[in-house]
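Undergrad: Quick note, the sequences are listed as chains A and B, same order.
If you count by this note's numbering, then the first sequence holds residues 1 to 459, one letter each, in order.
If you count by this note's numbering, then the second sequence holds residues 1 to 459, one letter each, in order.
Rather than coming from a laboratory, the hints here were simulated on the basis of the structure.
There may be inaccurate statements among the hints.
Remember, identical chains collapse to one label, so a pair may be satisfied in a single copy or spanning two.
[As the list claims (entries may be wrong)] SDA-like, lysine to any residue: derived pairs with alpha carbons at most 20 Å apart:
hint: 1; residue 1: Lys87; residue 2: Glu77
hint: 2; residue 1: Lys235; residue 2: Glu61
hint: 3; residue 1: Lys87; residue 2: Lys235
hint: 4; residue 1: Lys443; residue 2: Gly34
hint: 5; residue 1: Lys235; residue 2: Glu86
hint: 6; residue 1: Lys87; residue 2: Gln74
hint: 7; residue 1: Lys242; residue 2: Thr212
hint: 8; residue 1: Lys87; residue 2: Ala71
hint: 9; residue 1: Lys257; residue 2: Asp160
There are 2 protein chains.
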Amino acid sequence: MARNTQVVADHNAPPITQILAKFVATHPGFAEGGWSAEVDHEAHRTFMNWLGCAVGAAHHEAADAALAAVAMLQPAEQATLAGRSEKVDMASAALINGITSHTFDFDDTHLKTIIHPAGPVASALLALAEQTGASGRALIDALVIGIDVSCRVGNAMYPDHYDRGWHITGSTGTLGAAAACARMLGLDAQQTAMALGIAASQPIGMREQFGTMTKPFHPGAAARAGLMSALLASKGFTASSKALEAPRGMMQTISTKNDWTEITSELGERFEISFNSYKPFACGIVIHPSIDACAQLRAQGVTPDQVQSIELKVHSLVLELTGKKEPADGLQAKFSVYHGCAAGLFFGHAAEDEFSDEVVNRPDMVALRRKVVATVDDSIDEASADVTALLHDGRRVHVFVEHAIGSLQNPMTDALLEGKFHGLSDSVLGAARTAEVIQACWKIGQAADLRGLTALLRP
Amino acid sequence: MARNTQVVADHNAPPITQILAKFVATHPGFAEGGWSAEVDHEAHRTFMNWLGCAVGAAHHEAADAALAAVAMLQPAEQATLAGRSEKVDMASAALINGITSHTFDFDDTHLKTIIHPAGPVASALLALAEQTGASGRALIDALVIGIDVSCRVGNAMYPDHYDRGWHITGSTGTLGAAAACARMLGLDAQQTAMALGIAASQPIGMREQFGTMTKPFHPGAAARAGLMSALLASKGFTASSKALEAPRGMMQTISTKNDWTEITSELGERFEISFNSYKPFACGIVIHPSIDACAQLRAQGVTPDQVQSIELKVHSLVLELTGKKEPADGLQAKFSVYHGCAAGLFFGHAAEDEFSDEVVNRPDMVALRRKVVATVDDSIDEASADVTALLHDGRRVHVFVEHAIGSLQNPMTDALLEGKFHGLSDSVLGAARTAEVIQACWKIGQAADLRGLTALLRP
Numbered sequence: 001m002a003r004n005t006q007v008v009a010d011h012n013a014p015p016i017t018q019i020l021a022k023f024v025a026t027h028p029g030f031a032e033g034g035w036s037a038e039v040d041h042e043a044h045r046t047f048m049n050w051l052g053c054a055v056g057a058a059h060h061e062a063a064d065a066a067l068a069a070v071a072m073l074q075p076a077e078q079a080t081l082a083g084r085s086e087k088v089d090m091a092s093a094a095l096i097n098g099i100t101s102h103t104f105d106f107d108d109t110h111l112k113t114i115i116h117p118a119g120p121v122a123s124a125l126l127a128l129a130e131q132t133g134a135s136g137r138a139l140i141d142a143l144v145i146g147i148d149v150s151c152r153v154g155n156a157m158y159p160d161h162y163d164r165g166w167h168i169t170g171s172t173g174t175l176g177a178a179a180a181c182a183r184m185l186g187l188d189a190q191q192t193a194m195a196l197g198i199a200a201s202q203p204i205g206m207r208e209q210f211g212t213m214t215k216p217f218h219p220g221a222a223a224r225a226g227l228m229s230a231l232l233a234s235k236g237f238t239a240s241s242k243a244l245e246a247p248r249g250m251m252q253t254i255s256t257k258n259d260w261t262e263i264t265s266e267l268g269e270r271f272e273i274s275f276n277s278y279k280p281f282a283c284g285i286v287i288h289p290s291i292d293a294c295a296q297l298r299a300q301g302v303t304p305d306q307v308q309s310i311e312l313k314v315h316s317l318v319l320e321l322t323g324k325k326e327p328a329d330g331l332q333a334k335f336s337v338y339h340g341c342a343a344g345l346f347f348g349h350a351a352e353d354e355f356s357d358e359v360v361n362r363p364d365m366v367a368l369r370r371k372v373v374a375t376v377d378d379s380i381d382e383a384s385a386d387v388t389a390l391l392h393d394g395r396r397v398h399v400f401v402e403h404a405i406g407s408l409q410n411p412m413t414d415a416l417l418e419g420k421f422h423g424l425s426d427s428v429l430g431a432a433r434t435a436e437v438i439q440a441c442w443k444i445g446q447a448a449d450l451r452g453l454t455a456l457l458r459p
Numbered sequence: 001m002a003r004n005t006q007v008v009a010d011h012n013a014p015p016i017t018q019i020l021a022k023f024v025a026t027h028p029g030f031a032e033g034g035w036s037a038e039v040d041h042e043a044h045r046t047f048m049n050w051l052g053c054a055v056g057a058a059h060h061e062a063a064d065a066a067l068a069a070v071a072m073l074q075p076a077e078q079a080t081l082a083g084r085s086e087k088v089d090m091a092s093a094a095l096i097n098g099i100t101s102h103t104f105d106f107d108d109t110h111l112k113t114i115i116h117p118a119g120p121v122a123s124a125l126l127a128l129a130e131q132t133g134a135s136g137r138a139l140i141d142a143l144v145i146g147i148d149v150s151c152r153v154g155n156a157m158y159p160d161h162y163d164r165g166w167h168i169t170g171s172t173g174t175l176g177a178a179a180a181c182a183r184m185l186g187l188d189a190q191q192t193a194m195a196l197g198i199a200a201s202q203p204i205g206m207r208e209q210f211g212t213m214t215k216p217f218h219p220g221a222a223a224r225a226g227l228m229s230a231l232l233a234s235k236g237f238t239a240s241s242k243a244l245e246a247p248r249g250m251m252q253t254i255s256t257k258n259d260w261t262e263i264t265s266e267l268g269e270r271f272e273i274s275f276n277s278y279k280p281f282a283c284g285i286v287i288h289p290s291i292d293a294c295a296q297l298r299a300q301g302v303t304p305d306q307v308q309s310i311e312l313k314v315h316s317l318v319l320e321l322t323g324k325k326e327p328a329d330g331l332q333a334k335f336s337v338y339h340g341c342a343a344g345l346f347f348g349h350a351a352e353d354e355f356s357d358e359v360v361n362r363p364d365m366v367a368l369r370r371k372v373v374a375t376v377d378d379s380i381d382e383a384s385a386d387v388t389a390l391l392h393d394g395r396r397v398h399v400f401v402e403h404a405i406g407s408l409q410n411p412m413t414d415a416l417l418e419g420k421f422h423g424l425s426d427s428v429l430g431a432a433r434t435a436e437v438i439q440a441c442w443k444i445g446q447a448a449d450l451r452g453l454t455a456l457l458r459p
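So here's chain A without its partners, still in its complex pose (with noise of 0.2 Å):
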């Protein structure tokens, strides 16, 4: 009874849940001077690329299947479901929103940590901001706040916390949600730190999932928790004022390694959304640099009918995790760099359409994939990729790219984050009104309220 419980318990943590809960409460606004132009602007790229990937999986059958459960409570006609007629309560519109923007894994990284942020806080985000009437200006606001703090937590436990098993985007999604509701209802520093705290006893998601709908399932899970743990919080529900970090409270109890000064150093001055990425590709990011490296030759006039043979050249660990020369299906496809290429090559992109079963299965692009001879070469890093095609003609045609389009030195242009929204929603919504909801989406920091962008959401 009276034994010696946790093995290695750090007493001296500074007291991270009031740091974190007087920052979200107190610091300034963008409208007062709380970060940059830059950083602003990069919240609305995040937002519009969260958003497009939820309305492309709008009807995913994950969607469907959490709809119908969630139908289950009879929810009140509240919020939105992005690229859904469909209204529930706020709380299972956070989780379904949560789900769908992470189903194709399309949504952003924030590399260091490998945390998909938008996912969590801009799903509960746009939930209670529909229900309560906040500001375009709140909501941006509360998403350069919800995301630094999930993220700061996720670099002071990263790796250990994440070679565990836990999905670190679930695990600490919840407290970046509750932050950013919090911030959005308004609450003290006293109530924040019990939204945090609330949050805390409620981390999501095993790694183990990966390759199922609870992957996904796990932003829209911290959505819903965070959101929940705010509204608690502006109820009066009480946590412990050290619930972060505290012996037993959550981050020793989740992760070995805990380095406070990630959470403390530059907050407020730094803002970690500044680092946030947008995948280009609807697959997995070491197959990024063959799929551009083949784009960048369909952009120099190279077309499928001239190429006798196209020689790639990629470090072990893209032949190792994508080497799949004859894809099955859609799902196999996204693990073959041979399908990349040909994908590149022949589309120019790469977006959920191109990992269709159909088109894997065309005989075009199987024969087109069957040209790639691809080999192993470490003296090129796993972020780069080095393209050879040769024509029938006997011309050869080279493309090294050391950063795929997408990665932090090369980021991905408004244009290009419009071209994807639009791959993923025409489908959905179609393309007028796509056009709309992007131009919404870029000047969401002036909008009165949400209301007016929901409206387009729903077909």
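Given the coordinates of chain A, work out where chain B should sit on it, guided by the hints.
TA: This is chain B only, laid out in the frame that chain A set:
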């Protein structure tokens, strides 16, 4: 990127998720000879004790705060909150009844793991049964099965998992609730495996929260999450079929100890609900023998005004944990063996009312507890107490309690459980209605549905 991750991963675990799913889906119910009449009676006792605790705390400020937050979702009136007139959707009812059932720390205890098993499981089941019209027999069967799942998983991980910081009631409770609801919904083994898998991504609760409302939030949130996991699985939502036991599944992620045989051994033969216990007194278990001993003095005719002093001999741990001589209020009194002795002698029991601020500060109670002289005697087990009353007339009355009432060796009788229920419920539902509820609880296994009972629970 190609970092070696889990330090000590067990790649040879038995297929725990599938084994439990098959057990949940196919083990015969009581009517088909699935377990003994003794086990089934214990399930009725567990349900009744859980319900009394929930009714008793129905109007606690934690319940008010949780209901106010849930009300923001404009929930459908599907399910009853025990002891309140409001109805909410079944998932929110599971949450709030789970909170109230644990608010007084007066619910059941599976002593091997310190799990409070009924909170997550019964809270989910009553809400689901009320909404779906399931029978009382289905509820009791699912309670036996669900508690078996959570306690067996707890047995496998305890104590390392608890020592690490997890509130094991919430972390295992999600699985128990999911199993129970899957059983009640009639899911097959495959769907049940998915329900357990979805639940496995949602372990809830850190011990740092003890002393705050988030402690009772844990069984409530586990009830809600388990219920939703079963609903999701029933609609085709998928999870890993190795979500519990895989190297990056739930159990290896949240516990360094996993004794799989605790789950597989005598599965379907030994039922963990048989080892459930119920607290007679509304305070920490180390004070129970002392209260019991003083209540026995009272039963032998000793009255407070006769007493000159009370000599109490206890194990050192009792004074270490509950040595507060002058408690200022009810909360402090729960850590005062002196107050406990006074309550035992004065009232013969010590329920929530006997730990009210008012009772704690009554002059006659203060005077009586000051007559208690406690000394340490480590030859006395921590589960025992030795009490001698010295009376003004020179008499000495001695009582030795080896195993306090409420222990596994000396369980509360059915009559004592009824008395406890009245103590919790009479002020909420009235004594006559409470008696009806108690009778309904004893007969729940024969009830066609739960709607008669839930109607009685709304004042």
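Undergrad: Does each hint hold? Answer for all of them.
TA: Going through the hints against the structure:
1. In this assembly of identical chains, Lys87 and Glu77 lie within 20 Å of each other by CA distance both inside one copy and across copies; the values are 5 Å within and 18 Å between.
2. Taking the shortest Cα distances, Lys235 and Glu61 sit within 20 Å of each other only across copies (10 Å), while inside one copy they are farther apart (36 Å).
3. Taking the shortest Cα distances, Lys87 and Lys235 sit within 20 Å of each other only across copies (19 Å), while inside one copy they are farther apart (25 Å).
4. For the homomeric pair Lys443 and Gly34, the shortest alpha-carbon distance inside one copy (19 Å) is at most 20 Å, but the shortest distance between copies (63 Å) is not.
5. Proximity of Lys235 to Glu86 under the C-alpha cut-off of 20 Å is restricted to the inter-copy arrangement: shortest distance 17 Å between copies versus 29 Å within a copy.
6. Proximity of Lys87 to Gln74 under the C-alpha cut-off of 20 Å is found in both arrangements, the shortest distances being 11 Å within a copy and 13 Å between copies.
7. For the homomeric pair Lys242 and Thr212, the shortest alpha-carbon distance between copies (11 Å) is at most 20 Å, but the shortest distance inside one copy (34 Å) is not.
8. When the C-alpha separation of Lys87 and Ala71 is checked against a cutoff of 20 Å, the pair qualifies both within a copy, at 10 Å, and between copies, at 17 Å.
9. In the homo-oligomer, the alpha carbons of Lys257 and Asp160 lie at most 20 Å apart both inside one protomer (6 Å) and across protomers (18 Å), since each shortest distance falls under that limit.
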